[in-house]
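Participant: For reference, the chains in residue letters:
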Amino acid sequence: MSNSPNEIDNLEHLFSRLPGLGPRSARRIVLHLLKKKDTLMPSLASSLTVAMKSIVSCSLCGNIDIINPCSICTDIKRDNKVICVVEGVTDLWALQKVSSFRGLFHVLGGVLSALDGIGPADLRIEPLIRRINDNKISEIIIALPVTVDGQTTAHYLKEEISKLNIAVTQLSHGVPVGGELDYLDDGTISAAINSRRAF
Amino acid sequence: MNWTDDAFVLSSKRYGESALILSLLTKKRGKHSGFLRSINKKNMRSIIQPGNLVRVNWRSRIEESLGTYNLELIESSSSNFLYHPINLLTLSSICSICNEILPEREAFPTIYNDVYNLFTLFSNYKEVLISKYIFFELEMLSVLGFGLDLSSCVVTGKKENLVWISPKTGKAVSYDIGVDYSNKLLPLPSFLIEKKYSSDIGEIYKGLILTGYFLKKFLYKELGKDLPLNRMRLADKIEKIKNYDKKN
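Just so you know, the sequences run in chain order A and B. Basically this note's numbering = 1-based index in the first sequence + 258. So in this note's numbering, spot 248 of the second sequence is number 241, and the numbers just go up one at a time.
Keep in mind that the hints are not guaranteed to be accurate.
Straight-line C-alpha distance at most 20 angstroms; calculated PhoX-like pairs for lysine-lysine [what the hints assert, rightly or not]:
| # | chain 1 | residue 1 | chain 2 | residue 2 |
| --- | --- | --- | --- | --- |
| 1 | B | K164 | B | K177 |
| 2 | B | K210 | B | K161 |
| 3 | A | K335 | A | K394 |
| 4 | B | K230 | A | K421 |
| 5 | B | K188 | B | K125 |
| 6 | A | K394 | A | K339 |
| 7 | B | K151 | B | K164 |
| 8 | B | K230 | B | K240 |
| 9 | B | K230 | A | K416 |
| 10 | B | K6 | B | K34 |
| 11 | A | K421 | B | K240 |
| 12 | B | K230 | B | K125 |
| 13 | B | K189 | B | K119 |
| 14 | B | K125 | B | K34 |
| 15 | B | K230 | B | K209 |
| 16 | B | K233 | A | K416 |
| 17 | A | K421 | B | K233 |
| 18 | A | K421 | B | K235 |
Hints were generated in silico from the structure; no laboratory data involved.
My request is simple: use the sequences and hints to build the entire structure.
Facilitator: Shown next as structure tokens:
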């Protein structure tokens, strides 16, 4: 490593800080880029520059996009009376892939956590309340993780939103598609039994 | 070093991308922390939810080091609590209090038993969960050397008509003695004296205020902290229900 020029060291160091990459995989990426110096490197560099300049966080929902408000918030084909509340942008993308939901989103930016000292003021709850009031929203769908922290946040949100007299629903919990009962944990099975429905 | 024990998950803190430092309440060794690898393995995230009962195997080269855990789920107790806000706040409060104030690697069998009863025999105590939780907080104060004396009046020694507790000493005060100072004393709920579980919301609220006051005074103040956020929200929630019941 010490024999490599500083620029290569620097690149390796930067890549090794990315999620899922260590120093060895960072070195492999750098070597691969250097091999394709003329084809891959310029396009990667320009893409990074463009992304850095143009990608912004949506001031309404917290999604990331190249326009503000984002393409989801400005899509007139979507049902703008229903908002689905998610923890992060990755959850938003997961739900966006499913064409069955055609409403709007709201990214909270985390969940309440006593251990990490994350309180309601640290999350985007105030903007959500403002959105509900300003846009006469009819339903809020809570799609937060089924963990102790996730559900604590869900109950907190329900309490806050219920004051505004609108419907609050939550994603159901239970057996996943393709799941076999004998492989499921007790918690999931009891959640599935509790949320059973007429067939 | 290598041992196996039953334990409740108290909390976890991410360490890198695929590992975390887990805090457990073990049966024989009290609160214990260790390193857990491969948390991205299937089902591992559901196993490490606070309140779950696990069988833990700990390995380390030397006793003093953090060591590495291997976990196997015994009971997914947390799932019983997830769907009701008060139950969930109770679970979080228990985990936070054990995690924040119990000393590391010192066994407290009565605390473990209380937590075991609260988490795994949840259905038996569903109706009286919070009063059972208040007894847990009293036990916590007691095992750490700050037990409250609810047996007799601190001034007269009488065992009847105990309705207050002195915020200075943590000892009970009878009605005759305390009536002139009632605004300076803390109300003592009757179920604590009778050692019976209660579902009376007014009495439960008094109990939460009482134990919360002494937890803060004797333990959290020393640590330079406030009561856990969820413990404060639990008391707020019970107060709201109490006030709502009063109105209707």
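Participant: Work down the list of hints and note, for each, if the structure agrees.
Facilitator: Okay, the hints, checked on the actual structure:
Restraint check for K164(B) and K177(B): satisfied, since their Cα atoms lie roughly 14 angstroms apart, inside the 20 angstroms limit. Simply put, K210(B) and K161(B) have alpha-carbon atoms about 9 angstroms apart, close enough for the 20 angstroms limit, and the pair holds. Straight-line distance between C-alpha atoms of K335(A) and K394(A) comes to about 17 angstroms, which keeps the hinted pair within the 20 angstroms bound. Of the supplied pair hints, the one linking K230(B) and K421(A) holds, its CA atoms being roughly 15 angstroms apart against a limit of 20 angstroms.
Between K188(B) and K125(B), the direct Cα distance comes to roughly 10 angstroms. Compliance with the 20 angstroms bound is thereby established for this hinted pair. A distance of roughly 7 angstroms separates the Cα atoms of K394(A) and K339(A); the hinted pair therefore holds under the 20 angstroms criterion. With a CA separation close to 12 angstroms, the supplied pair K151(B) and K164(B) stays within the 20 angstroms bound. For the hint linking K230(B) to K240(B), the alpha-carbon distance of about 16 angstroms falls within 20 angstroms, and the restraint holds.
Using a Cα cut-off of 20 angstroms, the hinted pair K230(B) and K416(A) holds, with the two alpha carbons roughly 13 angstroms apart. Restraint check: the Cα-Cα separation between K6(B) and K34(B) comes to about 17 angstroms, which is no more than 20 angstroms; the hinted pair holds. Distance restraint check for K421(A) and K240(B): the Cα-Cα separation of roughly 18 angstroms lies within the 20 angstroms cut-off, and the hinted pair is therefore satisfied. Restraint check for K230(B) and K125(B): satisfied, since their Cα atoms lie roughly 17 angstroms apart, inside the 20 angstroms limit.
Distance hint between K189(B) and K119(B) is fulfilled; the C-alpha atoms sit about 15 angstroms from each other, no more than 20 angstroms. Taking the CA atoms of K125(B) and K34(B), the gap is about 36 angstroms. The hint is violated against a cut of 20 angstroms. Straight-line distance between C-alpha atoms of K230(B) and K209(B) comes to about 19 angstroms, which keeps the hinted pair within the 20 angstroms bound. At most 20 angstroms may separate the alpha-carbon atoms for a hinted pair to count; K233(B) and K416(A) meet this at roughly 15 angstroms.
Distance hint between K421(A) and K233(B) is fulfilled; the C-alpha atoms sit about 14 angstroms from each other, no more than 20 angstroms. A hinted pair counts as satisfied when its Cα atoms are at most 20 angstroms apart, and K421(A) with K235(B) qualifies at roughly 18 angstroms.
Checked against the numbered hints above, the structure breaks only hint 14 and satisfies the rest.
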